[in-house]
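Q: Sequence:
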Amino acid sequence: MKMQYLLFPKINPVAITIYGIDIYWYSLMYLISFLFIINISKLKSYNNLNWTNRENEILLYLSFIGLLLGGRLGYILLYNLKYFLNHPISLIKFREGGMSFHGGLLGTILVIFIYSIYYKKKFLQLTDFITPLIPFGLGMGRIGNFINDELWGRVTINIPWAMLFPNSTELDLIYIKNHKNFINLFIKYGNLPRHPSQIYEFFFEGIILFIILNINYNKRKMLGYNTSVFLLFYGIFRIFIEFFREPDIQLGFFYSYITMGQILSFPMVLIGLIMLYYTIYKKFN
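Residue 0 is where the sequence shown starts when you use numbering that gives the first Met the number 0, and the numbers rise one by one after that.
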């Protein structure tokens, strides 16, 4: 029986054009995420923080800036430093793509830490407030990656939902050099079938993680619980999905199997476990 592969839906990466300015789907996903987070945060009850809408909005605006700057710097330093050194202007070219979640996370943490000192708030109370909102943004971001035809998965031929991504041609040719038996498959389809790993990430890091963090949210009284659960489960999901996701071409694999995403996610799992242990230990002792 011959396997039939899914064709990537040809979606114009430009969502809308306003006065001659192209608004890309990826950018639009960030905007939708931010507006959703701003509005959903107002529906939650944070009386224990002596919260005001003004403080809420300031924190979210600053966190968004920290996310963008940290994500861009993280990508350049961790994934593409050589290119940046040769093209320093690329730092501000957000439209070219290139964002690191782990860099964005560190940027957001730094902003929240500074905010907590300035407004005299408990740091973990603020991170517990932010973390249940993050998965929505993660999920929307992965939809943006999918529409942009980027961050595809690894080559696979035995699953019915394997997809042919037009933009993966360069990596397909590199893969064929080491796997000659895939030449005929490439000639037949023009691309090699791959895992739609963006959809995997949308499901696990977006939908599932959002559900985990928002079930019975208002009943949670343990300081640091949401933060530790987010670090733990995001790290686990990311490590798992990296086994299906194609590593960045300029980095490849470390020790033949491990990706940069996994290396950066292992500390998240460890920190999440330690925090969760002490959070629960304090609650019951």
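It is possible that some hints are incorrect.
[Said to hold, decoys possible] The calculated lysine-lysine pairs, modelled on DSS-like cross-linking and capped at a C-alpha distance of 25 Å, are:
#1 Lys220 - Lys121
#2 Lys281 - Lys121
#3 Lys281 - Lys220
#4 Lys41 - Lys220
#5 Lys9 - Lys187
#6 Lys187 - Lys176
#7 Lys120 - Lys281
#8 Lys187 - Lys120
#9 Lys9 - Lys120
#10 Lys41 - Lys119
#11 Lys119 - Lys9
#12 Lys120 - Lys41
#13 Lys281 - Lys119
[Unchecked claim] Derived CB-CB ranges, DEER-like:
#14 Asn183 - Leu269: 38 to 46 Å
#15 Leu27 - Ile270: 26 to 34 Å
#16 Tyr60 - Asn183: 52 to 60 Å
#17 Lys176 - Leu269: 31 to 39 Å
#18 His178 - Arg53: 37 to 45 Å
#19 Phe242 - Leu269: 28 to 36 Å
Keep in mind the hints are simulated off the structure, nothing from the lab. Even glycine gets a Cβ: it sits at the ideal position worked out from N, Cα and C.
Q: Now, for every hint given, state plainly whether the structure supports it.
A: Hint by hint, here is what the structure shows:
1. Lys220 - Lys121: Status holds; Cα separation ~14 Å.
2. Lys281 - Lys121: Roughly 17 Å between the alpha carbons, so the hint for Lys281 and Lys121 holds.
3. Lys281 - Lys220: Holds: Lys281 and Lys220 sit about 12 Å apart, inside 25 Å.
4. Lys41 - Lys220: Between Lys41 and Lys220 the Cα gap is close to 19 Å, so the pair holds against 25 Å.
5. Lys9 - Lys187: Holds, at roughly 19 Å.
6. Lys187 - Lys176: Holds, at roughly 17 Å.
7. Lys120 - Lys281: 20 Å, holds
8. Lys187 - Lys120: 60 Å, violated
9. Lys9 - Lys120: Not satisfied, since the Cα-Cα distance of roughly 47 Å exceeds 25 Å.
10. Lys41 - Lys119: 21 Å, holds
11. Lys119 - Lys9: 50 Å, violated
12. Lys120 - Lys41: Measuring from Cα to Cα gives roughly 18 Å; hence the hint holds.
13. Lys281 - Lys119: With a Cα-Cα distance of about 23 Å, the restraint between Lys281 and Lys119 holds, given a limit of 25 Å.
14. Asn183 - Leu269: 38 to 46 Å: 45 Å, holds
15. Leu27 - Ile270: 26 to 34 Å: 33 Å, holds
16. Tyr60 - Asn183: 52 to 60 Å: With a Cβ separation near 54 Å, Tyr60 and Asn183 satisfy 52 to 60 Å, so the hint holds.
17. Lys176 - Leu269: 31 to 39 Å: About 37 Å separates the Cβ atoms of Lys176 and Leu269, which means 31 to 39 Å holds.
18. His178 - Arg53: 37 to 45 Å: Since the Cβ atoms of His178 and Arg53 sit about 58 Å apart, the hinted range of 37 to 45 Å is violated.
19. Phe242 - Leu269: 28 to 36 Å: Given a distance of about 19 Å, which is not inside 28 to 36 Å, the answer is violated.
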